[in-house]
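There are 2 protein chains.
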Amino acid sequence: MYEGAVQDLIDELGRLPGVGPKSAQRIAFHLLQSDAVDVQRLVDSLVQVKAKVRFCATCFNVAEAEQCRICADPRRDATSICVVEEPKDVVAIERTREFRGRYHVLGGAISPIDGVGPDDLHFRELMTRLASGEVTEIIIATDPNLEGEATASYLARFLKGMDLKVTRLASGLPVGGDLEYADEVTLGRAFEGRRLLDA
Amino acid sequence: MYEGAVQDLIDELGRLPGVGPKSAQRIAFHLLQSDAVDVQRLVDSLVQVKAKVRFCATCFNVAEAEQCRICADPRRDATSICVVEEPKDVVAIERTREFRGRYHVLGGAISPIDGVGPDDLHFRELMTRLASGEVTEIIIATDPNLEGEATASYLARFLKGMDLKVTRLASGLPVGGDLEYADEVTLGRAFEGRRLLDA
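If you read the protein sequences in the order shown, they are chains A and B. Under UniProt numbering, the first residue of the first sequence is numbered 1, with each subsequent residue one higher. Under UniProt numbering, the first residue of the second sequence is numbered 1, with each subsequent residue one higher.
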């Protein structure tokens with residue numbers, strides 16, 4: 001409907017996840033009316049991200065070198081690996097400042113519906129890391145949903161018989177939430193995982 | 001939280017209208033995992049839009065030349081001008097195929113709250129277009145909201161005394177909607193603007 005270049009931009013923006021045709025149009029007109037320097041900054045950041053960013057050769061987190069910042073940091077505990085689905089999960093866990101070990105990013109979760117099987121994820125590379133015998137604990141931090149649970153079970157079976165402490169992040173009531181608003185599954189998990197209080 | 005280039009891209013994407021921090025992160029990771037050619041196409045479309053697209057010297061619609069396609073088209077009726085707020089309104093009206101005249105894009109609506117006064121909009125340029133005497137009808141198609149109505153009233157006062165037919169798009173019930181779901185103002189307007197049916 002628009003003249004060439006505007007329509008091209010709307011089409012390209014509309015291909016991004018979560019950007020519908022109306023948002024694409026809105027963003028396109030915003031950019032059209034923005035200063036050229038602002039648009040250039042966006043262009044540069046796109047070019048830079050493709051030029052500079054790759055995935056860590058060890059853990060598959062995003063990295064700007066052969067290894068990511070965490071794998072390259074000698075102060076991080078190499079005996080403990082936290083297994084997550086995506087690089088953004090690494091960021092979420094880093095924010096808690098609870099974990100001083102290293103990560104392994106699987107690149108997704110097992111999902112037969114989406115055609116994602118174990119071979120599509122970085123399980124093999126995790127095994128290679130474990131071969132050195134340095135690692136003593138694996139914390140499975142896949143998402144608390146169907147695919148994440150399936151991936152956690154698969155991994156737990158895989159690691160069985162190895163001399164490793166394998167744990168899974170606790171499920172339960174979110175802190176700051178209301179008990180009455182929790183769904184049954186979450187509330188059920190909270191019961192199941194109830195802990196003794198020190199009197 | 002992310003390494004340099006990824007965080008830069010998330011920041012830049014987060015500046016776009018309607019893109020929050022979570023969406024920016026999602027889009028950034030999508031682009032990170034996309035083929036380089038796909039990202040290059042987005043980059044090219046951004047560069048092209050800033051290089052090629054400007055605003056029509058006559059009507060302020062988007063254009064890839066001195067004049068937009070509509071102003072440059074001799075088959076369009078030059079005696080009738082439809083006044084709209086934004087270029088996307090031109091596209092919406094063109095889709096109806098009801099109007100064969102030309103447009104004038106004000107570039108927004110009068111909104112004292114947002115600090116937009118008549119001088120910030122292309123009223124003066126509309127007057128210049130009317131000076132030739134060729135135009136006989138003005139159709140005011142600003143949005144049917146507070147700012148659009150204020151802009152329409154301002155324009156109507158401005159045009160008073162000139163030998164012009166000035167009309168405003170009808171307000172009423174949206175076609176295909178349910179009467180019971182219409183808000184009071186819309187329903188009131190529909191009553192006000194009721195038309196005689198030919199028996």
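Calculated from the structure, these hints are not laboratory results. Treat the hints with caution; some may be incorrect.
Note that the list lumps identical chains together, so a pair holds whenever it fits in one copy or between two copies.
Lysine to any residue pairs mimicking SDA-like chemistry, simulated, CA-CA at most 25 angstroms apart [as the list claims (entries may be wrong)]:
| # | residue 1 | residue 2 |
| --- | --- | --- |
| 1 | Lys50 | Asp89 |
| 2 | Lys165 | Asp44 |
| 3 | Lys165 | Gly177 |
| 4 | Lys165 | Asp178 |
| 5 | Lys22 | Lys52 |
| 6 | Lys22 | Arg41 |
| 7 | Lys50 | Leu196 |
| 8 | Lys52 | Arg41 |
| 9 | Lys88 | Arg195 |
| 10 | Lys52 | Lys165 |
| 11 | Lys50 | Asp143 |
| 12 | Lys88 | Gly18 |
| 13 | Lys50 | Arg69 |
| 14 | Lys88 | Ala51 |
| 15 | Lys88 | Gly14 |
| 16 | Lys88 | Asp35 |
| 17 | Lys52 | Gly108 |
| 18 | Lys50 | Thr96 |
| 19 | Lys50 | Gly18 |
| 20 | Lys22 | Glu98 |
| 21 | Lys160 | Gly18 |
| 22 | Lys50 | Asn145 |
* Which of the listed hints are not met by the structure? -> The structure breaks hints 2, 3, 4, 7, 9, 10, 11, 18, 21 and 22; every other hint is satisfied.
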